[in-house]
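Undergrad: Those sequence lines, one after another, are chains A and B. Numbering follows the working numbering, in which position 215 of the first sequence is assigned residue number 230; successive positions increment by one, without gaps. Numbering follows the working numbering, in which position 204 of the second sequence is assigned residue number 1396; successive positions increment by one, without gaps.
Worth flagging that the hints you see were computed from the coordinates, not collected in a lab. In this text, all values refer to a predicted model and were calculated from it rather than measured experimentally. The beta carbon of each residue, even a glycine, is placed where N, CA and C say it ideally should be. It cannot be assumed that every hint is accurate.
Residues from chain A shown here face chain B by an in silico Cβ test under 10 Å; the list is partial [unchecked claim]: (1) Pro117; (2) Tyr118; (3) Leu119; (4) Ile123; (5) Phe127; (6) Gln128; (7) Leu132; (8) Pro134; (9) Ser145; (10) Ile149; (11) Gly150; (12) Ala193; (13) Asn196; (14) Ile277; (15) Arg278; (16) Leu279.
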Amino acid sequence: MVRLMASAPTQAQTDRARPRATRPDIPVVEFRDVTKVYDGGSVGLERATLKIGRGEFVFLVGPTGCGKSTCIRLLMKELEPSKGEIDIAGKTLGRIPRSRVPYLRRNIGTVFQDYKLLPNRTVYDNVAYSLQVIGETRQEIRRKVPDILRMVGLSTKLHSLPDELSGGEQQRVSIARAFVNHPPLLLADEPTGNLDPETSIGIMQLIYRINRTGTTVIVATHDKEMVDKMRRRVVELREGRIVRDEQSGLYRPDESTTEFAIRLRGELGVGVEGHPN
Amino acid sequence: MRFSFFLREALRGLRRSSAPALAALLTVVITALVLGVFIPIVQATTGTANEVRNRVVVDVYLTDTATEADRTEVQRSLEGTPGVKSVDYISKDEALRELGHKVNDAQDKIELLGTNPLPSLFRVTPEDPDELKAIVAQIAPGGNPRLEAIDEVQNRESDTGKILSATGLVKGLGAVMAGLLVLASIALVANTIRLSVFARRREIEVMKLVGATNWFIRWPFVIEGVIVGFMGGVLSVLLLALAKTTVVDPLSDRFELLAAPDTIDFPVLIVLLLFACVAVSAIGSGITLRRFLRV
């Protein structure tokens, strides 16, 4: 499995895909006193300051409407902050012109609660699309897509349409799509929001494995139980303010995916057998 | 690689949302048909109006005492007047013959008089019917002819006025209606395309999320527009050709109006319609996308 991950991009792609992210001294994500007030006057985020280093796994937690999704959407430059600045890999988002936004997004994998798959395309085509977008050749696409789908455990469903899959499988497709470019940053907005606990563990395990390859991961969720059990850094938001930022020292950063899953299952009280991955 | 990818995407789009595509196709066919019928009609109308306008002339009557030399002088002076297209001489006898065409027994009636009372005249055709008054003013400033041999200048003022205003109205109306029709066609096609794009706005949103540039998303839609526009154009041209060969051509053998020389050539019309169909639907789908690309 790790071999699959390692067989990833060529040098040229890495240079293009990861501007400066490889330098460890620059945080991958930095919020500097960021405030977002929506047009209607409601506050999405208030004076948030936050640094996330390379390779970190960070949970954004808090009740609905606390500003988790606002953070995610700000990072994708879907929204502009009302005040303050956001840097990704040392680049200030506010200075990226509209026309460059697609190139920013190619370096950010995204996973959503409602999967956001293209409804009329097969699993294979959905994943292939994000490679076609960056102008990947057909041979490369034919090589990479089956690889990544095998990694997420969907190698038998290549030609199924999204509505023929279960929720967990659809989420796996969207994770495959988010990660097939090997972006330096992965954002997940309530990735387990629509899934049952056992499926959720499988998804979390997958995201953790992506994190283990060096990708910085930010997961927004309101599933406090899962967050507590996973023992990663937790940033808690309440009414747009950061009220807790725990650099949880409890976890072993080198924990393998299997150990991780076994511990998680044990602590959540779910059976050990589950997804083969 | 790029183009074939976009083409495949376009064909996929057409296949997956065939209902809106069919609606767009029908709209294109119908508007192109209406335009294809209307353009020649407007042209025939303006052509006829122009022909009527060309009948506007000035008659310059000579005195009975005018000599041959006087006549030549008048002719030269008329031909030298700016804005004059042609000058025709009509002698007393010719004038009588012309009258004979219009009035029954004119010959007999005039024989009762003993002499031919009709004066010989020059018929002056202006280059532009609207310049008529200026020409009259040149020949006879203030109603007094500049040359002695000229008895009277008649521009049949009331007739001319009527002809000019009536034909002007016809031409103006034709232009306005053609303009409205073109506008309506564009609006109709654009709206239909907007609907089919709207149906796929979620898909576009997802494409933007994975980092597709605007043109990467737009090209397949534009190609779809070209395909729909072209197919619609071809279909309507076929229908028009059918209507032309079965209805218009047999009629035009019998009626001169339909074969008015000014109407557009059929091949030109075809090319024009095809081009308009393709352009409107391609640009339409490209532009309507803009709203959904702002994510």
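Undergrad: It remains to establish, for every hint, whether it holds in the given structure.
TA: Structure-based check of all given hints:
Contact between A:Pro117 and chain B, as hinted, is supported at the beta carbon level, the nearest pair being about 5 Å apart and thus within 10 Å. Against a cut-off of 10 Å between C-beta atoms, the interface hint on A:Tyr118 holds, since the closest Cβ of chain B lies about 7 Å away. With a cut of 10 Å, the hint placing A:Leu119 at the interface with chain B holds, because the nearest CB-to-CB distance is about 8 Å. With 10 Å as the threshold, the beta carbon of A:Ile123 comes within range of chain B, its nearest partner Cβ sitting at about 8 Å, so the hint holds.
Against a cut-off of 10 Å between C-beta atoms, the interface hint on A:Phe127 holds, since the closest Cβ of chain B lies about 8 Å away. A least Cβ separation of about 13 Å between A:Gln128 and chain B goes past the 10 Å threshold, and the interface hint is therefore violated. Among the interface hints, the one on A:Leu132 holds; its C-beta lies about 7 Å from the nearest C-beta in chain B, closer than the 10 Å criterion. For A:Pro134, the interface hint holds, the least distance from its beta-carbon to any beta-carbon of chain B being 7 Å, beneath 10 Å.
For A:Ser145, the suggested interface contact is upheld, since its CB lies about 4 Å from the closest CB of chain B, less than 10 Å. Given the 10 Å rule on beta carbons, the hint for A:Ile149 holds: about 7 Å separates it from the nearest Cβ of chain B. With 10 Å as the threshold, the beta carbon of A:Gly150 comes within range of chain B, its nearest partner Cβ sitting at about 8 Å, so the hint holds. Residue-level restraint check for A:Ala193 holds (minimum Cβ-Cβ distance to chain B is 8 Å; threshold 10 Å).
Proximity of A:Asn196 to chain B holds as hinted, the smallest CB-CB distance being about 8 Å (cut-off 10 Å). For A:Ile277, the interface hint is violated, the least distance from its beta-carbon to any beta-carbon of chain B being 33 Å, above 10 Å. Proximity of A:Arg278 to chain B is violated relative to the hint, the smallest CB-CB distance being about 33 Å (cut-off 10 Å). For A:Leu279, the interface hint is violated, since its Cβ never comes within 10 Å of a Cβ in chain B; the closest pair sits about 28 Å apart.
In the structure shown, a violation is registered for the earlier hints numbered 6, 14, 15 and 16, in ascending order.
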